[in-house]
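*Asks:* If you're matching them up, the sequences are chains W, E, B, D, U and X in order. Each residue of the first sequence is one higher than the last, beginning at 121 in our numbering. Each residue of the second sequence is one higher than the last, beginning at 121 in our numbering. Each residue of the third sequence is one higher than the last, beginning at 121 in our numbering. Each residue of the fourth sequence is one higher than the last, beginning at 121 in our numbering. Each residue of the fifth sequence is one higher than the last, beginning at 121 in our numbering. Each residue of the sixth sequence is one higher than the last, beginning at 121 in our numbering.
Don't read these hints as lab results, they were simulated from the structure. It is possible that some hints are incorrect.
Distance ranges between label pairs, derived from CB positions [claimed, not checked]: (1) E173(E) / Q312(W): 11 to 21 Å; (2) V358(E) / G415(W): 36 to 46 Å; (3) K269(E) / D411(B): 28 to 38 Å; (4) S359(D) / I430(U): 21 to 31 Å.
Glycine included, C-beta positions come from ideal geometry on N, C-alpha and C.
There are 6 protein chains.
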Amino acid sequence: MKDDRENAVSRTDRTIHKVVDELCRSDSYELVYHRPTEEKVMPSLDALTEIVERLRSVLFPAYFSDSEMSLESMPYILGAHIEKVDRLLTEQIKRGIGFSGDKEYWRATLECEERARNLSRKFIAAIPRIRRLLATDVVAAYEGDPAAKSTGEAIFCYPSIKAVTNYRIAHELHALGVEMIPRIIAEMAHSQTGIDIHPGARIGERFFIDHGTGTVIGETCEIGRSVRLYQGVTLGAVSFPKDGEGKLVKGIPRHPIVEDNVIIYSGTTILGRVRIGKNAVIGGNLWLTSDVPAGMRVVQGRQTDPVIMISP
Amino acid sequence: MKDDRENAVSRTDRTIHKVVDELCRSDSYELVYHRPTEEKVMPSLDALTEIVERLRSVLFPAYFSDSEMSLESMPYILGAHIEKVDRLLTEQIKRGIGFSGDKEYWRATLECEERARNLSRKFIAAIPRIRRLLATDVVAAYEGDPAAKSTGEAIFCYPSIKAVTNYRIAHELHALGVEMIPRIIAEMAHSQTGIDIHPGARIGERFFIDHGTGTVIGETCEIGRSVRLYQGVTLGAVSFPKDGEGKLVKGIPRHPIVEDNVIIYSGTTILGRVRIGKNAVIGGNLWLTSDVPAGMRVVQGRQTDPVIMISP
Amino acid sequence: MKDDRENAVSRTDRTIHKVVDELCRSDSYELVYHRPTEEKVMPSLDALTEIVERLRSVLFPAYFSDSEMSLESMPYILGAHIEKVDRLLTEQIKRGIGFSGDKEYWRATLECEERARNLSRKFIAAIPRIRRLLATDVVAAYEGDPAAKSTGEAIFCYPSIKAVTNYRIAHELHALGVEMIPRIIAEMAHSQTGIDIHPGARIGERFFIDHGTGTVIGETCEIGRSVRLYQGVTLGAVSFPKDGEGKLVKGIPRHPIVEDNVIIYSGTTILGRVRIGKNAVIGGNLWLTSDVPAGMRVVQGRQTDPVIMISP
Amino acid sequence: MKDDRENAVSRTDRTIHKVVDELCRSDSYELVYHRPTEEKVMPSLDALTEIVERLRSVLFPAYFSDSEMSLESMPYILGAHIEKVDRLLTEQIKRGIGFSGDKEYWRATLECEERARNLSRKFIAAIPRIRRLLATDVVAAYEGDPAAKSTGEAIFCYPSIKAVTNYRIAHELHALGVEMIPRIIAEMAHSQTGIDIHPGARIGERFFIDHGTGTVIGETCEIGRSVRLYQGVTLGAVSFPKDGEGKLVKGIPRHPIVEDNVIIYSGTTILGRVRIGKNAVIGGNLWLTSDVPAGMRVVQGRQTDPVIMISP
Amino acid sequence: MKDDRENAVSRTDRTIHKVVDELCRSDSYELVYHRPTEEKVMPSLDALTEIVERLRSVLFPAYFSDSEMSLESMPYILGAHIEKVDRLLTEQIKRGIGFSGDKEYWRATLECEERARNLSRKFIAAIPRIRRLLATDVVAAYEGDPAAKSTGEAIFCYPSIKAVTNYRIAHELHALGVEMIPRIIAEMAHSQTGIDIHPGARIGERFFIDHGTGTVIGETCEIGRSVRLYQGVTLGAVSFPKDGEGKLVKGIPRHPIVEDNVIIYSGTTILGRVRIGKNAVIGGNLWLTSDVPAGMRVVQGRQTDPVIMISP
Amino acid sequence: MKDDRENAVSRTDRTIHKVVDELCRSDSYELVYHRPTEEKVMPSLDALTEIVERLRSVLFPAYFSDSEMSLESMPYILGAHIEKVDRLLTEQIKRGIGFSGDKEYWRATLECEERARNLSRKFIAAIPRIRRLLATDVVAAYEGDPAAKSTGEAIFCYPSIKAVTNYRIAHELHALGVEMIPRIIAEMAHSQTGIDIHPGARIGERFFIDHGTGTVIGETCEIGRSVRLYQGVTLGAVSFPKDGEGKLVKGIPRHPIVEDNVIIYSGTTILGRVRIGKNAVIGGNLWLTSDVPAGMRVVQGRQTDPVIMISP
């Protein structure tokens with residue numbers, strides 16, 4: 121018995137040796153290994169999580185931390201959060217450049233650091249504007265949900281506010297040309313809320329997504345003011361043009377334009393560069409690939425006979 | 121070069137000063153600042169997470185912690201969990217009152233504390249009943265999913281059991297009139313499972329949601345016994361009546377009634393105060409806004425021609 | 121006042137006594153208590169989380185940890201991860217056997233341990249193959265999403281890669297006959313991404329799910345190479361045959377076969393053992409319960425009149 | 121075999137029952153149970169640790185945290201630390217009053233809270249003075265130790281600076297009449313450095329203890345400016361007067377007075393209300409119970425023959 | 121420049137390879153490698169820390185955790201702590217046996233487990249007795265220190281109570297014949313308080329060590345009731361008899377016997393199997409290697425001329 | 121009442137404003153502020169703690185972590201630890217240079233990084249030698265303490281081994297010319313064990329300190345092979361020469377030389393550049409400032425009359 125066992129043990133370890141050898145051959149790792157040449161360190165999820173949490177504490181004072189903040193202590197607390205965000209974000213932006221940028225550029229380390237510092241600074245300057253937008257989103261959440269008891273409840277526990285906060289942060293960074301980081305911040309909210317908003321989308325004030333799970337908003341969407349979506353709504357692309365070599369052409373406008381005051385109910389998919397006009401109301405579970413004029417109410421065809429009921 | 125750099129640094133910090141000043145002006149913070157007057161401290165997500173984890177340990181002994189609990193040690197372990205839940209919950213209920221209640225009431229601190237203590241005590245008394253219900257939900261999960269190997273597997277890793285456990289806890293608190301806290305507990309499950317059940321909904325025993333992502337159950341739903349749902353099902357409201365001033369009327373019955381033994385397949389949306397009769401089977405991807413008589417099987421219209429296939 | 125308060129306190133505690141007594145009666149706990157007889161300890165979520173994180177670090181070197189790993193240090197770092205995975209996994213597999221297995225088998229502890237050790241070893245040997253598959257999934261993600269900037273971005277932040285990594289790990293364990301553990305690993309990804317892939321499904325190389333929230337892939341699915349899905353796609357079972365005693369027959373093939381190069385757009389449900397032929401393109405929001413020949417493009421019927429627009 | 125084992129198990133648990141019963145009898149717990157009547161919650165070691173760490177960050181900016189603090193961000197960072205210290209300290213002072221105070225006083229909760237708030241505020245106002253003193257202690261450490269490379273090294277890693285920082289904080293609180301808390305803060309440093317300074321002692325500027333392990337400074341010591349001690353020095357009491365009932369009389373002056381510029385070498389014990397005059401130098405391993413005039417150098421008697429050497 | 125750098129990098133890694141090879145040769149590791157054959161896992165410091173903390177919570181209810189414990193909830197809370205201690209301790213005792221025991225005995229795993237279970241059970245049964253002793257130690261601390269304000273203060277922050285609690289736990293385990301574990305528990309207190317009491321020493325009730333840093337109590341000491349020590353006291357051995365092969369004879373009585381009511385002041389060393397009679401008072405900084413009759417007061421010789429004062 | 125309270129609140133906050141202003145004035149912070157110019161970031165205690173823990177795991181395999189390490193997995197585990205130590209240590213050495221070095225040198229960042237990398241590499245190469253020395257220390261501990269049961273017990277729980285391990289690491293770094301870091305590593309052991317060994321001291325193999333609390337070994341000590349010390353031993357300097365400006369001359373030899381096989385008992389102080397000859401045995405509580413010839417046994421003078429006993 122003992123012999124068998126020792127045998128087993130040594131066999132195990134030969135397995136490890138063999139597997140390690142195989143994994144360290146270049147044909148195994150070449151596609152999946154992040155070569156850390158030139159100090160191109162990966163962005164840190166922990167740092168980005170801290171950045172977003174501190175920003176949330178700044179945007180909605182006394183809700184998520186510092187819950188006894190007085191008006192008198194507010195400047196110190198917000199200032200300390202912002203100062204820390206500035207330092208963390210500078211580093212993460214630099215890593216994003218390193219991750220995405222070309223090798224030659226990255227070489228110029230000082231220049232790269234300077235650029236990261238500048239971008240962080242510009243983002244910081246935009247925080248008051250981001251808060252103004254979010255304040256309108258909070259009002260929209262409260263007014264749009266009959267189950268909402270107060271704006272405070274919306275701030276504290278609505279997934280829409282969480283996802284839209286991450287989006288508005290990520291969008292600002294995206295608009296500044298920050299690489300990689302906005303996408304990660306958006307995915308953090310996607311994972312927690314099931315709401316997937318690409319940082320490139322442009323969304324006006326008073327935006328609200330009720331329930332939200334499964335809602336997807338594509339990279340080139342343009343959404344007006346006071347728009348309300350429900351869970352499972354897709355604002356996507358209908359086809360992906362390819363270039364001469366058969367590769368996807370990246371970055372061209374291919375998602376819907378949704379104008380002011382539009383409502384889109386749950387489960388509806390709208391694809392392509394179509395325009396949903398002002399005040400339109402789009403019913404649920406629809407599949408739309410063409411424009412909707414302003415003011416229209418769109419419902420599933422043949423409402424009189426949508427389903428068949430079969431008695432047992 | 122050095123001068124530029126110092127310049128950059130000081131510019132940065134002027135940015136911080138300027139941003140802090142702006143964020144501390146009342147027109148910036150008025151809508152988004154939780155004024156901590158009168159000690160109205162925000163509920164604590166950490167405490168609520170601990171409460172739910174301890175309750176899960178009490179409801180399903182030896183599954184999620186205390187994995188070597190014997191029958192003899194059970195009273196001590198459950199008793200210690202419950203005693204801690206009682207203290208934590210009393211505090212959180214008090215904060216919920218402070219958050220939601222009017223100012224004058226909150227003033228009467230002792231009265232408020234007494235009320236929180238009473239509500240927690242009533243909740244504690246309901247734990248055995250909640251466990252009885254959950255035991256039926258576990259059986260329903262095991263019997264309803266061909267992939268399930270044992271009831272233990274359902275308890276340990278089915279999102280349905282996780283979401284329904286949070287719901288049954290939150291519903292009990294909601295029924296007792298606890299403010300704010302039930303909603304947070306429901307959102308915790310929503311974030312983890314993608315299942316969004318409003319604490320106000322009433323759901324009978326043997327309830328099961330397979331897969332579950334994207335399923336939404338509204339505030340005034342009434343769901344009977346042995347109901348089974350799939351992912352992406354919405355039981356929602358069709359329209360929101362407004363009062364004379366154009367504001368949403370809150371709290372009136374506006375979601376479906378689903379009677380015993382009904383099955384609703386994935387992606388279907390049922391809206392409004394309609395009644396789905398006993399034993400009805402509702403197909404997937406449907407849009408329903410009217411009653412379904414008992415025993416009916418409902419499928420998408422024109423089954424013979426649901427899609428068009430186009431050869432290339 | 122004081123008397124009332126003391127009264128209240130003692131009443132509270134009688135509540136705890138009463139509730140504990142009730143919860144410790146066998147009719148209360150019998151369905152929900154994991155009896156730890158014979159040392160059948162529950163699997164550990166923490167250990168499984170560590171296993172998956174270490175495997176992710178091995179599969180995608182320098183992306184998720186060890187971010188400055190050089191080629192020279194790679195063998196040590198991967199070897200240490202794998203050695204730890206081997207030990208942790210052996211223990212968890214043993215617990216899975218204990219949880220699921222019959223009592224007599226479990227008794228033979230040494231045999232059970234030996235079996236766990238063997239299974240872990242076989243899994244370790246499969247890691248290079250898993251990495252080869254995942255490398256093709258990464259390429260598919262990059263090529264399939266116009267918003268993707270690099271394969272690195274896909275590895276680092278796409279929910280599809282996260283979910284498919286967990287799936288490929290879980291599937292390997294499932295194919296080896298490991299109990300319980302694969303399901304838990306799959307649920308971990310489901311909770312984080314909203315993508316629910318049963319470990320039993322068989323999925324070919326170059327697999328990609330865009331956005332992914334709400335997508336469900338059933339236990340007996342067979343998916344070919346270069347298949348692309350979108351969010352909210354269900355590949356499910358249409359009915360569950362019952363045996364003579366009215367119980368579900370478990371494990372028989374009941375989910376779709378999806379052949380190479382198929383694309384299925386968001387919100388579509390395909391049910392039953394149907395076959396979707398090579399190169400087929402299935403539109404969104406569809407409900408399909410029959411075969412689709414190779415090369416077909418399937419869209420919603422009556423594209424000319426899918427919705428009704430009502431002017432106000 | 122199995123029967124024996126089950127027997128063993130049940131015997132175990134009877135042990136637990138029996139032990140719990142015994143421990144819950146009043147004759148067992150009466151001397152060692154902290155009755156939590158009237159909300160007299162114990163002080164929190166975690167909160168006190170955080171308070172001391174934040175104060176250390178304020179007193180020595182950029183040494184122990186915030187290591188990239190610029191002059192421009194300094195006010196925010198220090199302000200945020202101080203604001204948090206103020207809130208934490210108010211709570212801990214209140215608990216100290218509850219712990220030590222008489223029952224009637226504690227009853228008047230509002231008054232007690234008001235008092236705690238006032239004491240915390242007074243402590244905050246003293247921080248600049250505490251820093252001024254510590255700056256002189258840092259210089260003394262640097263100048264007094266030939267192994268010291270810079271004042272920064274002394275701040276960052278000398279046990280003397282750690283212990284004296286805790287002492288100066290604790291002494292300020294003690295002088296304000298704060299109960300219990302100063303003693304705990306002093307013990308925290310004692311545990312880490314082996315230096316035991318009672319918060320009641322009065323110590324002038326430029327104070328330094330080299331190595332420090334085992335040095336004890338009693339409650340009523342008075343120590344002048346520029347005093348230097350070594351490890352194992354005791355400044356203690358020689359006898360404890362008892363009152364008519366044979367109980368120790370607490371609080372009367374009973375420890376040495378050490379005047380300016382005195383040096384006391386390692387292992388020396390000085391007991392009672394003696395006076396060590398200015399500029400005196402006290403050798404090591406001495407036992408002193410009487411005054412030493414200013415300027416004296418005190419060494420062990422019979423220096424010519426202190427030890428006997430015995431050849432083997 | 122670049123070449124040099126790459127060169128440097130590869131040289132580094134050759135260093136690692138070379139060092140690893142050297143460290144993995146048997147002549148390097150043979151004396152310092154804990155061979156984990158036969159599952160002889162090392163004791164866990166984390167588990168032992170948890171055991172001691174839970175015991176402290178049981179011995180002094182509501183002081184160190186559970187700070188709002190009522191009489192009614194006491195049985196649950198203490199019971200849960202004890203149940204957990206029982207399980208953790210059984211495992212650690214087993215590891216102690218494995219660490220110290222001979223190979224053949226350890227082989228009989230079941231027997232070893234049974235023995236560990238029995239020892240843990242016997243320890244549990246002794247907890248009430250340990251608490252009775254500690255209650256007398258608390259009174260001694262309060263009565264013996266003029267600076268003590270209450271027994272609660274002594275329980276909460278005196279190093280003597282912390283060290284003696286660990287000692288009384290460790291001594292009980294030592295007396296039961298538990299291997300290795302008692303020593304670790306004693307060292308935990310030594311590290312935190314500077315008080316080093318060997319678990320083998322026998323110490324009567326009402327024991328107190330003031331300040332305590334540097335006090336050492338040897339393995340075969342016997343200390344009576346109401347003994348009080350100060351910092352820096354050594355109760356040690358004077359010489360170590362060797363056996364025929366020149367090896368130390370281990371375990372024979374070689375430390376002092378200290379009878380009831382003795383006081384020993386700071387810095388005094390007493391060596392060998394001497395007897396300090398009842399009520400004796402031993403001065404500080406002494407070196408004693410012979411018996412002291414009961415009732416004697418011992419001071420340093422030549423009190424009239426202990427030191428020489430040299431004027432400058 | 122309310123007015124008073126608000127008044128109190130605003131007064132509080134004026135306190136904070138005032139204190140912050142004062143602390144941010146240059147005359148307040150100039151001596152205690154670590155100016156982070158030129159990115160001279162402080163060393164990290166967390167990183168240094170990790171470095172020492174990983175080294176301990178390398179030096180004593182399977183004792184402190186990786187407790188199931190087999191011979192086959194040893195290279196991976198040790199290699200991964202060493203690789204991580206190399207990276208962490210390079211960074212900390214760099215910070216040490218920044219902290220201590222002159223401004224101009226630090227400027228040349230690349231050169232500084234290169235130097236840190238080289239120093240770390242040299243330290244790594246010395247690990248096998250450090251282990252060889254520590255293996256002799258372990259044997260000395262086992263042979264020198266009659267209470268020791270095995271070398272394993274000494275490795276796992278003797279403060280001497282902990283302190284000497286830190287010392288041998290710190291000494292190697294000190295000998296390489298690393299700034300600041302060695303001192304911090306030495307202080308970490310000092311805080312945990314009460315043993316204070318300056319990294320500059322030179323200590324031969326087979327070194328053991330029993331109990332150890334309060335033992336101090338100065339910067340320029342030279343200690344031979346097989347030396348044994350006890351608690352409270354000081355090997356210090358007798359006087360500090362000053363230069364022409366009255367400042368201490370730093371770094372000259374001023375501590376004792378202790379030759380092979382010397383034993384020094386507890387509480388003894390030896391000061392100055394004296395030489396304690398081979399095989400000498402120095403008794404306890406002595407004060408020595410002159411040479412001791414080889415082979416001598418030194419005891420306190422007048423052994424026949426060391427103390428006076430006074431009958432009551």
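*Asks:* Each of the hints needs a verdict: does it hold here or not?
*Replies:* Taking the hints in turn, this is what the structure says about them:
{"no.": "1", "hint": "E173(E) / Q312(W): 11 to 21 Å", "result": "holds (18 Å)"}
{"no.": "2", "hint": "V358(E) / G415(W): 36 to 46 Å", "result": "violated (20 Å)"}
{"no.": "3", "hint": "K269(E) / D411(B): 28 to 38 Å", "result": "holds (31 Å)"}
{"no.": "4", "hint": "S359(D) / I430(U): 21 to 31 Å", "result": "holds (29 Å)"}
Against the hints set out earlier in the document, a violation occurs for number 2 only.
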